[in-house]
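Chemist: Counting in the UniProt record's numbering, the sequence shown runs from 1 upward without gaps.
Calculated from the structure, these hints are not laboratory results.
Built from N, CA and C at the ideal position, the CB exists for glycine as well.
One should not assume that every hint holds.
EDC-like, lysine to aspartate or glutamate: derived pairs with alpha carbons at most 20 Å apart [stated by the list, open to error]:
hint : residue 1 : residue 2
1    : Lys338    : Glu213
2    : Lys142    : Glu213
3    : Lys215    : Asp196
4    : Lys142    : Glu188
5    : Lys9      : Glu180
6    : Lys434    : Glu304
7    : Lys418    : Glu252
8    : Lys248    : Glu224
9    : Lys383    : Glu224
10   : Lys215    : Asp187
11   : Lys434    : Glu373
12   : Lys142    : Asp187
13   : Lys418    : Asp254
14   : Lys215    : Glu175
15   : Lys383    : Asp405
16   : Lys427    : Asp80
17   : Lys215    : Glu188
18   : Lys284    : Asp196
19   : Lys309    : Glu347
20   : Lys215    : Glu180
21   : Lys303    : Glu224
Computed spacing ranges between beta-carbons, pair by pair [unchecked claim]:
hint : residue 1 : residue 2 : range
22   : Arg368    : Gly184    : 48 to 58 Å
23   : Asp187    : Val130    : 27 to 37 Å
24   : Val130    : Gly302    : 45 to 55 Å
25   : Gln419    : Phe371    : 21 to 31 Å
26   : Ala380    : Ile114    : 53 to 63 Å
27   : Ser235    : Leu158    : 41 to 51 Å
28   : Lys338    : Lys306    : 21 to 31 Å
29   : Ala380    : Leu95     : 21 to 31 Å
30   : Leu266    : Met54     : 26 to 36 Å
31   : Ile241    : Lys12     : 32 to 42 Å
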Amino acid sequence: MPKRVDFNKTQKLITALIDVAVFVGCLFLSFYLRFFTSLGFIPARNLNDAKAAMLTSAIGFLVINVLSGIYVLYNKTLLDVWIVTVVDQVLITVLIMALTFAGRWFAFPRSVLIINLVVSIIALLAWRSVVFWAYSRFRGAKRVMVLGLPGQLSGPVLNYMSNKSRRHRLTHVVEGHYLEQIRGHLDEFDTAHVSDAIPAADRNAIYDLLLSEDKEIFLTTSFEHLLLVNPTIMSIEDESIIAASPFKIPAEFDVIKRFFDALVALIGLIIASPVMLVTAVLVKVTSPGPVFYRQTRITKGGKEFKILKFRSMSATAEKESGPMLATTNDPRVTTVGKYIRSLRIDELPQLINVLVGDMSMVGPRPERPFFVEQFQSQNAHYKLRHNVRAGLTGYAQVYGKYASDFASKLNFDLIYIKQYSLVLDVKIMIQTIKILFDKVSSRGVDEEEERDTSVSLPSGVQQLS
Numbered sequence: 001m002p003k004r005v006d007f008n009k010t011q012k013l014i015t016a017l018i019d020v021a022v023f024v025g026c027l028f029l030s031f032y033l034r035f036f037t038s039l040g041f042i043p044a045r046n047l048n049d050a051k052a053a054m055l056t057s058a059i060g061f062l063v064i065n066v067l068s069g070i071y072v073l074y075n076k077t078l079l080d081v082w083i084v085t086v087v088d089q090v091l092i093t094v095l096i097m098a099l100t101f102a103g104r105w106f107a108f109p110r111s112v113l114i115i116n117l118v119v120s121i122i123a124l125l126a127w128r129s130v131v132f133w134a135y136s137r138f139r140g141a142k143r144v145m146v147l148g149l150p151g152q153l154s155g156p157v158l159n160y161m162s163n164k165s166r167r168h169r170l171t172h173v174v175e176g177h178y179l180e181q182i183r184g185h186l187d188e189f190d191t192a193h194v195s196d197a198i199p200a201a202d203r204n205a206i207y208d209l210l211l212s213e214d215k216e217i218f219l220t221t222s223f224e225h226l227l228l229v230n231p232t233i234m235s236i237e238d239e240s241i242i243a244a245s246p247f248k249i250p251a252e253f254d255v256i257k258r259f260f261d262a263l264v265a266l267i268g269l270i271i272a273s274p275v276m277l278v279t280a281v282l283v284k285v286t287s288p289g290p291v292f293y294r295q296t297r298i299t300k301g302g303k304e305f306k307i308l309k310f311r312s313m314s315a316t317a318e319k320e321s322g323p324m325l326a327t328t329n330d331p332r333v334t335t336v337g338k339y340i341r342s343l344r345i346d347e348l349p350q351l352i353n354v355l356v357g358d359m360s361m362v363g364p365r366p367e368r369p370f371f372v373e374q375f376q377s378q379n380a381h382y383k384l385r386h387n388v389r390a391g392l393t394g395y396a397q398v399y400g401k402y403a404s405d406f407a408s409k410l411n412f413d414l415i416y417i418k419q420y421s422l423v424l425d426v427k428i429m430i431q432t433i434k435i436l437f438d439k440v441s442s443r444g445v446d447e448e449e450e451r452d453t454s455v456s457l458p459s460g461v462q463q464l465s
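Sequences are here, hints too, so could you generate the full structure?
Modeler: Take a look at the structure:
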């Protein structure tokens with residue numbers, strides 16, 4: 001196995017700077033292809049305006065790419081890199097066009113921007129494919145040892161076995177005699193995933209040994225661990241204290257978030273209006289019933305509101321089946337509904353909910369009162385997600401799966417609340433676009449529920465006890 005080389009901050013910085021150089025080079029090449037090949041020269045005015053706007057364009061390019069997570073490779077496949085690259089280039093092109101139209105901040109002819117879109121995508125795909133190959137070749141996969149109680153490791157084991165990025169390779173499953181097994185296989189793993197089901201005294205001994213051997217430690221997310229996200233460290237006399245931060249967004253940031261939501265929702269409605277108009281017509285002419293589907297959901301403070309969607313099911317679906325979550329190949333879904341659901345177009349009317357203040361652009365997805373009562377009876381911490389407005393998209397939608405159980409989604413939602421920032425909101429909004437191309441994120445509930453949870457370890461994975 002090749003020696004692992006971490007993709008550190010310096011390497012990320014070098015990669016980002018080369019990305020910027022490629023982008024700027026493609027812009028100049030696009031001017032050349034547009035003007036020099038036909039006129040024999042590039043008009044001085046266009047060239048000077050382009051040079052003046054080049055720095056701003058490069059900064060915008062870098063910001064969008066950082067927010068989209070393109071430089072975090074451990075959880076990506078090559079296809080993920082390609083999709084994010086295309087999405088980012090489309091976003092930066094649309095942004096430059098919008099700024100050019102709105103205030104002439106940029107003097108790029110549309111023809112140049114279209115040429116640049118094609119040229120830069122080709123160039124960046126080629127360059128980033130080389131980076132991804134080098135990352136995969138020299139960094140290698142982290143070898144993971146999972147430690148837990150007998151019969152309780154099917155969840156993490158299945159996750160590592162089905163992890164599409166292949167950046168973490170399961171090598172050992174340990175269900176007892178933890179210290180002995182760790183010492184006996186020190187050179188055979190890089191990371192230890194420690195279940196919180198292991199008794200505390202044993203866990204502490206495991207942590208001490210792993211830290212002394214410079215091993216990476218993964219912890220199962222628990223509510224106790226979530227409490228320690230973004231803590232305040234203080235001291236009282238000679239005792240150090242960790243003050244847990246609340247699961248709330250500070251009032252001053254909530255005001256900024258509300259203004260940002262309203263602005264983005266208004267712009268989004270203007271941009272999406274042609275698509276929404278066509279969708280409304282298609283829904284109306286292909287299926288009897290109203291264009292919009294209104295349903296009671298729960299948002300901040302436990303308040304009920306009517307969520308808006310384009311109707312994607314038959315008008316009598318709920319009367320026939322009663323309250324139930326959507327499933328794969330759901331027979332209640334109409335022909336048009338199948339496509340608008342897969343592209344998330346049915347969610348666009350929720351921009352109106354955001355504009356009037358019922359929802360936020362980013363936050364926990366709103367659930368129906370029926371399911372909220374059900375979930376809260378199973379987990380008392382579920383009510384904490386209602387400390388913020390429900391979102392059009394969320395942390396769970398970007399980093400989890402559509403079919404993840406409510407406990408997993410709750411963990412993601414609580415992590416979002418703890419780590420909230422406006423930058424995080426923008427990052428999640430940009431990364432949400434990638435989900436449209438991800439079939440795994442679109443799977444129905446029954447695919448996850450019916451997945452065989454029995455574990456048959458592949459060859460090469462040692463089961464120890």
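Chemist: A separate judgement is required for each hint: does it hold in the structure or not?
Modeler: Against the structure, the hints come out as follows:
no.: 1; hint: Lys338 x Glu213; in the structure: violated, 52 Å
no.: 2; hint: Lys142 x Glu213; in the structure: holds, 16 Å
no.: 3; hint: Lys215 x Asp196; in the structure: holds, 18 Å
no.: 4; hint: Lys142 x Glu188; in the structure: holds, 10 Å
no.: 5; hint: Lys9 x Glu180; in the structure: violated, 35 Å
no.: 6; hint: Lys434 x Glu304; in the structure: violated, 30 Å
no.: 7; hint: Lys418 x Glu252; in the structure: holds, 15 Å
no.: 8; hint: Lys248 x Glu224; in the structure: holds, 16 Å
no.: 9; hint: Lys383 x Glu224; in the structure: holds, 16 Å
no.: 10; hint: Lys215 x Asp187; in the structure: holds, 10 Å
no.: 11; hint: Lys434 x Glu373; in the structure: violated, 32 Å
no.: 12; hint: Lys142 x Asp187; in the structure: holds, 12 Å
no.: 13; hint: Lys418 x Asp254; in the structure: holds, 13 Å
no.: 14; hint: Lys215 x Glu175; in the structure: holds, 19 Å
no.: 15; hint: Lys383 x Asp405; in the structure: holds, 16 Å
no.: 16; hint: Lys427 x Asp80; in the structure: holds, 16 Å
no.: 17; hint: Lys215 x Glu188; in the structure: holds, 11 Å
no.: 18; hint: Lys284 x Asp196; in the structure: violated, 52 Å
no.: 19; hint: Lys309 x Glu347; in the structure: holds, 5 Å
no.: 20; hint: Lys215 x Glu180; in the structure: holds, 15 Å
no.: 21; hint: Lys303 x Glu224; in the structure: violated, 27 Å
no.: 22; hint: Arg368 x Gly184: 48 to 58 Å; in the structure: holds, 51 Å
no.: 23; hint: Asp187 x Val130: 27 to 37 Å; in the structure: holds, 31 Å
no.: 24; hint: Val130 x Gly302: 45 to 55 Å; in the structure: holds, 52 Å
no.: 25; hint: Gln419 x Phe371: 21 to 31 Å; in the structure: holds, 25 Å
no.: 26; hint: Ala380 x Ile114: 53 to 63 Å; in the structure: holds, 55 Å
no.: 27; hint: Ser235 x Leu158: 41 to 51 Å; in the structure: holds, 43 Å
no.: 28; hint: Lys338 x Lys306: 21 to 31 Å; in the structure: holds, 24 Å
no.: 29; hint: Ala380 x Leu95: 21 to 31 Å; in the structure: violated, 44 Å
no.: 30; hint: Leu266 x Met54: 26 to 36 Å; in the structure: holds, 30 Å
no.: 31; hint: Ile241 x Lys12: 32 to 42 Å; in the structure: holds, 35 Å
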